[in-house]
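The chain contents come next:
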Amino acid sequence: SAVISQKPSRDICQRGTSLTIQCQVDSQVTMMFWYRQQPGQSLTLIATANQGSEATYESGFVIDKFPISRPNLTFSTLTVSNMSPEDSSIYLCSVEGGATEAFFGQGTRLTVV
Amino acid sequence: GENVEQHPSTLSVQEGDSAVIKCTYSDSASNYFPWYKQELGKRPQLIIDIRSNVGEKKDQRIAVTLNKTAKHFSLHITETQPEDSAVYFCAASRNSGNTPLVFGKGTRLSVIA
Chain X
37 SAVISQKPSR DICQRGTSLT IQCQVDSQVT MMFWYRQQPG QSLTLIATAN QGSEATYESG
97 FVIDKFPISR PNLTFSTLTV SNMSPEDSSI YLCSVEGGAT EAFFGQGTRL TVV
Chain Y
63 GENVEQHPST LSVQEGDSAV IKCTYSDSAS NYFPWYKQEL GKRPQLIIDI RSNVGEKKDQ
123 RIAVTLNKTA KHFSLHITET QPEDSAVYFC AASRNSGNTP LVFGKGTRLS VIA
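Chains as they are written, first to last, in this note's numbering: chain X, 37 to 149; chain Y, 63 to 175.
Among these hints, one or two may not hold up.
As the list claims (entries may be wrong) - As a list, the in silico DSS-like pairs of lysine-lysine whose alpha-carbon atoms are at most 30 Å apart: (1) Y/Lys120 to Y/Lys130; (2) Y/Lys120 to Y/Lys133; (3) Y/Lys133 to Y/Lys84; (4) X/Lys43 to Y/Lys104; (5) Y/Lys120 to Y/Lys99; (6) Y/Lys99 to X/Lys43; (7) Y/Lys130 to Y/Lys99; (8) Y/Lys167 to Y/Lys120; (9) X/Lys43 to X/Lys101; (10) Y/Lys104 to Y/Lys84; (11) Y/Lys167 to Y/Lys133; (12) X/Lys101 to Y/Lys133; (13) Y/Lys167 to X/Lys43; (14) Y/Lys167 to Y/Lys104; (15) X/Lys101 to Y/Lys84.
Because the hints were derived from the structure by calculation, they are not lab data.
With the rest of the complex left out, here is chain X (with noise of 0.2 Å):
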């Protein structure tokens, strides 16, 4: 199993501004995955970092908006830039999830006014 520390867990951030959540993880991971959950929404996958190359982003997802990195294997960061009242939602990173079990961060709920 794997334990992820996400954080912010929450934040009221002003439009046009930018905001990059952490997430470190317990144990060393080949991918980690960001999702967003829009509210009432289900979770959509953003993006897929993995160490040493650029992340690979979902259609709708583009790296000015959400620009990632992943400096080693059990660290990543999303940032969410030049935010809109639109980008209210929660965030999620992940690990594993197609052999085994995924495993999430707490999340980081983010409103934007």
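Fit chain Y to the known structure of chain X by using the hints.
Chain Y in isolation, oriented as in the chain X frame:
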């Protein structure tokens, strides 16, 4: 890519009755099918999963069935209790730790005492 459809979106049952949630998937190469329970304000928690080499799996009051030919799988909760009230998500992926999960839209289950 994979597409997962989930029904119903909301479900109300009397305490002690059974609840059934159904999902279909599109990618015939998917072979890992987990179910997650998400309580308000919390991260998704795995409750049961099934792989394509198995048709049914049971864990106490929870069971999952899989029909690979028809590409659908179902969650069955028997003897429901008020604490079963939550949002349930099905998901699907290929059998690889490097493959992210694709989630259904979720079912809000309410168990009425």
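Here's how the hints hold up against the structure:
no.	hint	verdict
1	Y/Lys120 to Y/Lys130	holds, 18 Å
2	Y/Lys120 to Y/Lys133	holds, 19 Å
3	Y/Lys133 to Y/Lys84	holds, 11 Å
4	X/Lys43 to Y/Lys104	holds, 14 Å
5	Y/Lys120 to Y/Lys99	holds, 16 Å
6	Y/Lys99 to X/Lys43	holds, 22 Å
7	Y/Lys130 to Y/Lys99	holds, 23 Å
8	Y/Lys167 to Y/Lys120	holds, 23 Å
9	X/Lys43 to X/Lys101	holds, 19 Å
10	Y/Lys104 to Y/Lys84	holds, 23 Å
11	Y/Lys167 to Y/Lys133	holds, 17 Å
12	X/Lys101 to Y/Lys133	violated, 35 Å
13	Y/Lys167 to X/Lys43	holds, 25 Å
14	Y/Lys167 to Y/Lys104	holds, 17 Å
15	X/Lys101 to Y/Lys84	violated, 35 Å
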